Amino acid sequence: MEEIKEKDQPIILKKRSLDKTVTISSEKNELILKSFAYIFLTIGALTMLIPFLWMVSTSLKTPAEAVAMPPVWWPNVLRFDNYVRAFEVAPFGRYFLNSVLITTVSTLGELVTTILAAFAFSKMNFYGKNILFTGLIATMMVPSELLIIPNYLTLSRFGLINTYSAMIVPYLASVFSVFMLKQNFESVPNELYYAAKVDGSSDFNFLWTIMVPLSKSAIVAVTILKIIGSWNAFMWPLIVTNDRLLRPLPVGLQAFTTEAGTHFELLMAASTIVVAPMIVIYLFLQRYIIMGVSKAGIKG
Amino acid sequence: MTEKATMKSTLKALLYMAPMLSIIFTFNIYPIFRSFMMSFYAEYNFFQNTVGRYGLDNFQEILTDDQFWLAIRNTFIFVLGVVPTSIIISLGIALMLNKIKLLSSFFRSIYFLPFVTSTVAISIVWSWIYHGRYGLMNYFLSQFGVDPIAFITSPDYAMLSLVIMAVWRGLGFNIILFLVGLNNIDENYYAAAKIDGAREMNRFFHITVPLLGPTTFLVSVMGVINSFKVFDEVYALFQSRPGPARSALTVVYYIFQKFYEENQYGVAAAAGIVLFLIILVFTLIQMAFNKKFVHY
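Protein chains in written order, with the numbering used here: chain F, 1 to 300; chain E, 1 to 296.
A portion of the hints provided could be inaccurate.
As the list claims (entries may be wrong) - Straight-line C-alpha distance at most 16 Å; calculated EDC-like pairs for lysine to aspartate or glutamate:
no.	chain 1	residue 1	chain 2	residue 2
1	F	Lys34	E	Glu200
2	E	Lys194	F	Glu27
3	F	Lys129	F	Glu186
In case anyone wonders, no lab produced these hints; they're calculated from the structure. Just so it is clear, the structure is predicted and the values come from calculations on it, not from any experiment.
Here chain E stands alone, though its shape is the one from the complex:
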């Protein structure tokens, strides 16, 4: 590094950081503390911005609210539906992309395409594909003799529809991370194994699989964290409703409803804190794992 820290250099650095820090403090750091405070607002007047009383009322309310538990349950089902499926498919695709040379980057571009496109627009396209009468999906299924399914309007299929779309959308991102992971595996391991006469299968299970472990873990945790925050997809796929009979009510959707539709700021903040704690657990697991197993 350059010179030693002095009063002068500190002032200068602060000057350089001032625009960034003022934004981040106002909109990223202060709100974290404010949310914690708000979750304990038992009585709050929005118009006068006065707090009548602090207490655990909000937490009590969400923890006894069936809707909140439904949201937690749905979100876990969503995460369990999306993450493993996505990992398996994207790992498979990444391995294949790694195997072929010709057209590899062409395919990669296609798989990654949904990542750059608006979730809302894509969800609307999917709701058209899922359409009960005119949808492409039902036409496709009818070719195999399957009766039309009300993907969007039946509570039994809403979550499945959401999961399929989310897997489709998230593949590209995971594939990129897996490709980076595969790229980081030293070619010498394969060369050495080849000299020792290890066959393709053996090389795969004894080199690729263990060395891809950390990447797989990273991709899973990121997938879990991102899937916990699902909202746009639900809102757009089910025409600004949390799915038929609330079958796709997720935690963020619950927060949104409490905050935006019912103006219950304290309750929404409390639900936000619960979301934060759930995500924090996964983040900490990831950090602990990185410290222990990942050395690059």
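In isolation and in its complexed conformation, chain F is listed as follows:
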């Protein structure tokens, strides 16, 4: 017995020490790797933030500070007055209201049309369902730039060019949103649907009182993506508006680049006005945005 023990012990010890060195070296590697990751990620994050910080910093400077070399990183006195000036020089108040109006109406409208349609696709059976759905999905492959010319002609036939409707009506529905909501509605168990039917609830009632609340996060995700898209839309509003007072923010801002001339502090103040609302929404609801984007990406 004694002999065996003596023989055994060194082996066990050796094995232990071997284990220990392996974990130590891999832990050390891990630590080095992680430190590098943090360093790179911080540099990267700064690169991402600098344009935004520079925008805000410039927007609070005097004209002289704005073009000073070496640059003034942060002005001593914060000139919030630049924002007031920007609103005076160009009708940014009006642009802002236009953007709010267009975004609100097209988002609400799209929600109604797509929720109704997604419900039909997810819980009803009807002739031609699969063909229709495949056809709709196929339209997503067509670049929206191709649709601009005929849509312009259609709207001008209706006399809608240079109106709010021109910026709203074409965006009152989206195949992408129908697709996203359909996926989600399908995950609501059919048993709930039957139970509601047995209880005498109409489809319409079931949709708005049970289905919609149960799919809250998907609906929020679709809504926010729509708001962002609508708020930032540029080419189409540019094409369909001639009247300065109908412009939404991005179009107004683009026009302001010539109006502001060399007043970079005013230009940056105006840019901040355009960007800030979406950043606020993002800060509060980014979970939904990222969820929506990852789902949208995976669909392929």
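Here the structure of chain F is known, so what remains is to put chain E in place on it, guided by the hints.
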């Protein structure tokens, strides 16, 4: 699914879909066919909406137009500049974000920030950063002894400026997709490899890389398709011009000019069809690939 399809259920479903379908038909489906028709309008009167003659004239015109080929060339350069760079950087960042636990979502939020902000506003900010005399970029470069570069006004640098900004802007989106891809890799593979004694490097090259293949492909194709449609960035970065000496004239910019500035609807439609066909090729490649390799 619920009950069988009947005449009644079909009518009911149509009722539910009617608002969506009327919008989509008018503004998404009808215009597809209309664009195809328009590209063959050889003579068209906008005010009377009458077509005098159909023909291939528009296609002939764009295919013999130097500007169109310049636009195609610039767009390909843009795509080749943006997509690979963006993939490499965003994959690297996604891997690092996946590695660390602390602050991971904080960093992710920052990288994703440009995605939610107006392209026009951001491009204007970048044009300020690129400013020849007062720009931050030139100040930064001057610290390394580099002479000021006319990023926005020199034809040699316009495309580079555009590419840098587009990469910066698109990173967050790609990172999210890569993170989803990394998340989908079964932890068990790593556990099994660890038991077999595979080292970190081996695990990375034999598990992460091959299993991330489909995601990388997906991200590349989406990047290519989106980059082909670049317009807002160009318009805002170069103050409503297609770059100095048309050095950043892209296909969509060409369509925009033909349509909006020159009112040549047929020519613009024909150029749109060419854009569509190019994008279609990539979409089909992606679909074929998904069918073959992606099974989840």
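Hints versus structure:
As the CA atoms of lysine 34 (chain F) and glutamate 200 (chain E) are separated by approximately 13 Å, the hinted pair is consistent with the 16 Å bound. Proposed proximity of lysine 194 (chain E) and glutamate 27 (chain F) is supported: the alpha carbons are some 14 Å apart, at most 16 Å. Distance check on the hinted pair: lysine 129 (chain F) and glutamate 186 (chain F) sit about 15 Å apart at the alpha-carbon level, within 16 Å; holds.
When held up to the earlier numbered hints, the structure conflicts with none and fits them all.
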